[in-house]
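Work out the full structure: start from the sequences and follow the hints.
Be aware that the sequence shown starts at 1, since it is given in my numbering, and climbs by one per residue.
Source of the hints: derived by calculation from the structure; they are not laboratory data.
Any given hint might turn out to be false.
What the hints assert, rightly or not - So the derived label-pair ranges between C-beta atoms look like this: (1) Asp356 - Glu261: 39 to 47 Å; (2) Asp10 - Thr258: 42 to 50 Å; (3) Asp4 - Arg44: 27 to 35 Å; (4) Gly94 - Glu261: 21 to 29 Å; (5) Ala118 - Pro292: 18 to 26 Å; (6) Pro292 - Ser418: 45 to 53 Å; (7) Glu261 - Ala126: 49 to 57 Å; (8) Pro27 - Asp296: 39 to 47 Å; (9) Gly94 - Asp385: 33 to 41 Å.
Glycine residues also receive a C-beta, built at the ideal position from the N, C-alpha and C atoms.
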Amino acid sequence: MSGDDRARADAVYEALLQRQGEQWVQPRVERTRRVLDLLGDPQRSYRVVHVTGTNGKTSTSRIIESLLRAFGLRTGLFTSPHLVRFTERILIDGAPVGDTEVADAWDSVAPIVEIVDAELAAAGDAALTFFELLTVLAFVVAADAPIDVLVLEVGMGGAWDSTNTADGDVAVFAPIDIDHADRLGSTISEIATVKGGIIKDGAAVVSAAQHPDAERVLRKMASDRGARIAFEGADFALTDDRLAVGGQLISVRGLAGTYDEEYLPLYGAHQGRNAALAIAAVESLIGGAEQPIAGDVLAEGLGQVVSPGRLQLVGTEPTVLVDAAHNPHGARALAEALRTSFDFDEWGVVLGVLADKDAAGIVAALAPVAAEVFVTAPDSERADDPDALADLVEEAGLRASVHRDLEDAAASAREWASASARRAVVIAGSVVLAGEALAVAAREDWKGGPS
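The following block contains the structure:
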């Protein structure tokens with residue numbers, strides 16, 4: 001990779017950043033469809049596993065992709081948001097897309113974008129957005145690679161998300177909870193209806209265990225589409241999970257086979273359930289849910305899984321974990337994992353939340369495991385006020401200190417944790433904060449001890 005290629009790829013990202021932001025959402029999937037139509041529908045050149053839900057979509061997507069790669073298939077993976085650099089969002093065969101490939105794909109897309117932007121302007125509509133164009137870019141990169149299967153994570157919702165221009169052979173539903181209520185609806189049923197929009201005619205559908213309201217909606221939508229649906233619990237399940245060095249041993253009752261004591265290098269029972277969902281999705285794609293995954297393929301696929309920013313160990317002496325828990329559901333899963341997967345008496349929580357998130361719910365979920373909270377603001381215009389967040393923490397009965405930025409908060413937390421071998425630190429509350437933490441941990445070499 002040359003410096004010129006890096007500069008070309010960075011220029012693509014800068015061009016995307018000039019667009020309406022990632023959080024700007026209007027139900028208008030047809031605009032993305034128009035661009036893709038003019039490009040010859042690259043998203044129809046490979047099979048698609050489409051993944052939605054409120055929490056666990058990225059980890060589930062990564063496990064699915066890893067399993068498919070273990071089958072010898074050439075894979076693509078599209079996830080969001082990124083932690084450090086935007087090329088992390090588009091993986092080809094498990095590695096971030098190259099700068100040359102991104103820049104070349106953009107060169108082919110840009111003239112079409114000009115045409116569609118002009119059409120939108122003439123109609124009095126807003127120009128194509130950041131996420132709409134990033135989705136198109138991912139589809140083109142995947143087609144150019146070329147790949148056999150794309151694992152495609154929804155950006156937000158489902159029905160009108162720009163990723164829904166692809167037709168998923170398998171629709172995958174991670175747990176559905178209240179999030180983005182201003183855009184997706186204020187009830188579980190409303191949110192499930194939007195997310196259920198990714199179910200296509202005759203597709204296979206697999207779902208995590210859901211609230212009864214969500215399950216009812218998904219069953220009805222699948223039936224209306226002539227799609228077969230399988231739910232965690234009734235049709236497949238995580239039957240056992242036990243701690244192991246660097247992760248856990250899981251046993252899964254799949255749709256087509258039973259898999260005992262398979263090593264998964266991720267922490268937390270929720271990751272075991274994500275793996276069970278991923279296994280059911282792969283069984284559905286390959287063999288129509290009637291062919292068990294061979295033992296060596298499963299072992300390789302699970303064994304090579306990584307999920308950056310999800311209970312990721314970034315520091316030792318003291319132990320520091322990073323988790324992107326950015327809503328109450330994710331924070332509850334994090335708290336449970338800290339209780340069951342690690343042997344520490346006290347956790348210091350470095351907490352930073354975006355203003356459009358349920359900060360009170362996140363604090364309430366983490367309160368049972370937090371001994372000390374180091375409050376800061378993610379490096380984002382959307383960051384919640386750290387003083388207001390600290391007030392929420394103190395109202396929950398916890399000690400809180402406010403810090404000017406992540407580096408200061410993390411330094412204080414690591415110093416606090418270093419006072420006892422029974423203390424550790426977790427940095428959580430925002431994907432943006434998680435990305436900052438990974439960069440700071442690498443720069444300051446947290447695995448070498450406190451600075």
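- Query: Which of the numbered hints are not met once you compare them with the structure shown?
  - Reply: 5
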